[in-house]
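Each chain, written out:
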Amino acid sequence: MLKLNYEVVVIHTQTKPYKILAGFKDSDPLELLKKESILFPFAEASVNFIAQLSKNIFADKQLRNYPEFISLAHWLRRAHIIELKNEFQDQFKDRITLSRGLILHFAPANVDVLFVYSWLISLLAGNKNIIRISATTEKRTGLLLKKIRETLEKYPIIASRTLIITYPHDTEITKQFSMMCDCRVIWGGDHTVQTIRSISLPPHATEIVFPNRFSHALLCSNTFLTASAEEKRVLIENFAKDFLWHHQATCSSPKNVIWLGSSDRNQEAQTEFWQKVNSYLIEKNPKWIEEIKLKQLTLAFCLAAHPLVEKFTDTLQSPIFNFKIKHIDQSLRYLHKGLGIFFEMEIRDLRELYAILDSKDQTIGSYGVSQNEWKELVTKLPKRAIDRIVPFGQMLNFSPVWDGYSLLTYFTRELQFFENRQSL
Amino acid sequence: MFNQHPYLTPKANKKKWLLSYLNELTKYHYKHSPQYKRILQTLFLFSESIDSKPFTELASLPYIPSQIFKELELKSVDNDQVRITLHSSGTTSKNTSRIFLDQETSELQKTALNKILLSLLGNTRYPMIIVDSLSLLKNRATFNARLAAILGFMRCGFDHLFLLDENMQIRTSELQQFLKRYETRKILIFGFTSLIWQYLYKSPFELNLQNGVLIHGGGWKKLQEQAVSNTKFKAQLRDRFNLTEIYNYYGFIEQTGSIFLECSEGVLHTPIFADIIVRDSVSLKPVPNKKIGLLQTLSVLARSYPGHSVLTEDLAVCEGEDDCRCGRLGKYFTILGRHAQAELRGCSDTYTN
Chain A
0 MLKLNYEVVV IHTQTKPYKI LAGFKDSDPL ELLKKESILF PFAEASVNFI
50 AQLSKNIFAD KQLRNYPEFI SLAHWLRRAH IIELKNEFQD QFKDRITLSR
100 GLILHFAPAN VDVLFVYSWL ISLLAGNKNI IRISATTEKR TGLLLKKIRE
150 TLEKYPIIAS RTLIITYPHD TEITKQFSMM CDCRVIWGGD HTVQTIRSIS
200 LPPHATEIVF PNRFSHALLC SNTFLTASAE EKRVLIENFA KDFLWHHQAT
250 CSSPKNVIWL GSSDRNQEAQ TEFWQKVNSY LIEKNPKWIE EIKLKQLTLA
300 FCLAAHPLVE KFTDTLQSPI FNFKIKHIDQ SLRYLHKGLG IFFEMEIRDL
350 RELYAILDSK DQTIGSYGVS QNEWKELVTK LPKRAIDRIV PFGQMLNFSP
400 VWDGYSLLTY FTRELQFFEN RQSL
Chain B
0 MFNQHPYLTP KANKKKWLLS YLNELTKYHY KHSPQYKRIL QTLFLFSESI
50 DSKPFTELAS LPYIPSQIFK ELELKSVDND QVRITLHSSG TTSKNTSRIF
100 LDQETSELQK TALNKILLSL LGNTRYPMII VDSLSLLKNR ATFNARLAAI
150 LGFMRCGFDH LFLLDENMQI RTSELQQFLK RYETRKILIF GFTSLIWQYL
200 YKSPFELNLQ NGVLIHGGGW KKLQEQAVSN TKFKAQLRDR FNLTEIYNYY
250 GFIEQTGSIF LECSEGVLHT PIFADIIVRD SVSLKPVPNK KIGLLQTLSV
300 LARSYPGHSV LTEDLAVCEG EDDCRCGRLG KYFTILGRHA QAELRGCSDT
350 YTN
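For the record, the sequence lines run as chains A and B.
For the first sequence, counting from 1, position 176 maps to 175 in numbering that gives the first Met the number 0; every step adds exactly one.
For the second sequence, counting from 1, position 203 maps to 202 in numbering that gives the first Met the number 0; every step adds exactly one.
No lab work stands behind these hints, which were simulated from the structure alone.
Remember, it's a predicted structure, so these values are computed and weren't measured experimentally.
Accuracy of the hints is not assured; some may be wrong.
Said to hold, decoys possible - Cβ-Cβ distance ranges computed for the label pairs, FRET-style:
(1) B/30 <-> A/197: 25 to 35 Å
(2) A/228 <-> B/224: 43 to 53 Å
(3) A/60 <-> B/171: 14 to 24 Å
(4) B/287 <-> A/168: 42 to 52 Å
(5) A/134 <-> B/226: 24 to 34 Å
(6) B/136 <-> A/63: 52 to 62 Å
(7) A/152 <-> B/239: 23 to 33 Å
(8) A/63 <-> B/165: 25 to 35 Å
(9) A/228 <-> B/231: 52 to 62 Å
(10) A/149 <-> B/287: 51 to 61 Å
(11) B/279 <-> A/60: 15 to 25 Å
(12) B/282 <-> A/138: 24 to 34 Å
(13) A/63 <-> B/336: 28 to 38 Å
(14) B/118 <-> A/138: 42 to 52 Å
Unchecked claim - Listed below are the simulated DSBU-like cross-link pairs for lysine-lysine, each with C-alpha atoms no more than 30 Å apart in a straight line:
(15) A/174 <-> A/145
(16) A/325 <-> A/379
(17) A/240 <-> B/26
(18) B/137 <-> A/310
(19) B/290 <-> A/283
(20) A/359 <-> B/69
(21) A/283 <-> A/231
(22) A/325 <-> B/221
(23) B/284 <-> A/323
(24) A/323 <-> B/52
(25) A/325 <-> B/220
(26) A/138 <-> B/289
(27) A/310 <-> B/69
(28) A/323 <-> B/15
(29) B/69 <-> A/323
(30) A/286 <-> B/220
(31) B/52 <-> A/286
(32) A/310 <-> B/290
(33) A/323 <-> B/26
(34) A/310 <-> B/52
(35) A/231 <-> A/18
(36) A/275 <-> A/240
(37) B/221 <-> A/286
(38) B/290 <-> A/286
(39) A/138 <-> B/220
(40) A/325 <-> B/289
Note that the Cβ used here is the ideal one computed from N, Cα and C, for glycine as well.
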């Protein structure tokens, strides 16, 4: 029996070293990984392991301090996994789905929990996984990895099919891992996607990529103005949840706020909304402002020099900065790094979104627009844009359908099977 | 501009003097740097008719964060007028500041620095040791903060000895000859704080530098990591080399020339060419003396680029004005280090880490 590793081990491939952060300790962990069989979708061991990891995170006092880990543990709890299983089985009823094999994940540097989602959905699909994460000195990522190692220790079936590693940017190592895999998943910026994409895969392998994206929040001014005080309080709290995490810097964090309504109503709503957001921040999270102030200021000066920026509607003293814009282009989307800054646009009719939305746009946090209105709109979008429309407060929630990919479908393959009355 | 002594103008006069230059510079950059103009129009609500209303308070003048020089190429002269491009220390990767100097600005900086240093050294030039390597001078492609500082300070000395060879080892025989040659004279020693500590203080050589005046700058970050404070730095160098006259200075490439030199009381002084405002790190409003805040620095020398009013990333305390025991007039202050900021990682760079 092989021994599980608790420490970080440096493994030398032919020439270049990489570090194993979790998985089996073996003289040749890649050979071991290759030898192991695949699992079936929603195998009992996978479900049990994930449910146990959820429990272990909840039980850890330190991990509980981080809201993103609470969210993760909540998502991984048994009841939710069973829900996913039932949905999956309904979808593929009477058909045979099998895992793809070995999946190679490149996790994003900015959202420290995302690699767990990527890995565990692939595990639920039955795959073996290699997950490359960025070298990090962040305490919380270390804590999470420790918890993962502890849980894997009790589940050798999963541990021998898992390798969480880190190595500095290196084409040779990436090539070696890529040539082993059946599917490659790249989370990261445009540059990362381009760089890794240029490295070959085996001819049969597939690839899923998650490049840079941009997200909007859309509010109906009238709905906001006529809402009760309690509804407004919840709305502001949810909005804050959407932008506070990761300093508003993720692809799904709202960066442009679109107001739907007449210009009078919009103006009225904006004044009240931002006044409430600012008060909320000052009261609930003054540290956030202090932590970002200088970077926010630098970004604001940068944006202020951009020709598409029309107007700055605050003073440099206010916690949140708003920039009015009439049009948005790729450079504005690219320049915006979060940090308590919002572009603001006004529309009178939802159909004006056709001219605004772009393939870079991922999520719309929506308030005051009905599902039917959205359905009507998105089926008439003139080009590829928008992969998620969610209520405020859920913009950063992870879902197994991401950027238009149904991950469980992409992580599995369907066996075509002739059912003949007689026999095959 | 240079008729006055750098430290003998009382505050009312200094304010008037600075306001006339800084109002003029704001207008000048507004007219000559399109990006600066857009920034002032957007963030400070400047209108086209900038001539109408000059500012009557230094704290009301618009400022820009020092980090903006990493993001935008701000200049108020045509490209063919740029004589020197300064890069913040380190490599020339995308994450460095770029400051564009024309002939005029470069001259202003040199003259101001000279004025400041000569007021300390009693209007005399001294034989000079530079605690750095000559090879730095040979590589002009990397015209960084360190090289700019050395070239500026060199004008205050003669018979310059670059103390270190290309391997950052002390050139002992040259040094012995130099010390022998100037046995009975005062000598000026200049270098970056961290280099002095690492290559001079930590070298095994027994040296007597009792005739020396040491001026050093470049920041305390590396020494703070080794728990070496300014006080400890001074005490250790005194014990090791009999070096008693030691002056730190605070300066940065965004405002080269108008440096803030430490006095015998251990505080940094604003010369006539420059001033400071300390601002609250959240509200950005000016705070009273003795309170900690972000340091904004003003300089009348920044002509080819809009860097005459810059909000730095450093925390400082203004200790007082016109009443330092050393006798210099002007505001005096201390630096408390970098303001801690969140580490920001956008949705990118998984592969560049």
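**OP:** Determine which of the earlier numbered hints do not hold for this structure and return their numbers in increasing order.
**Re:** Hints 1, 3, 7, 8, 11, 17, 18, 22, 25, 26, 28, 31, 32, 35 and 40 not satisfied by this model.
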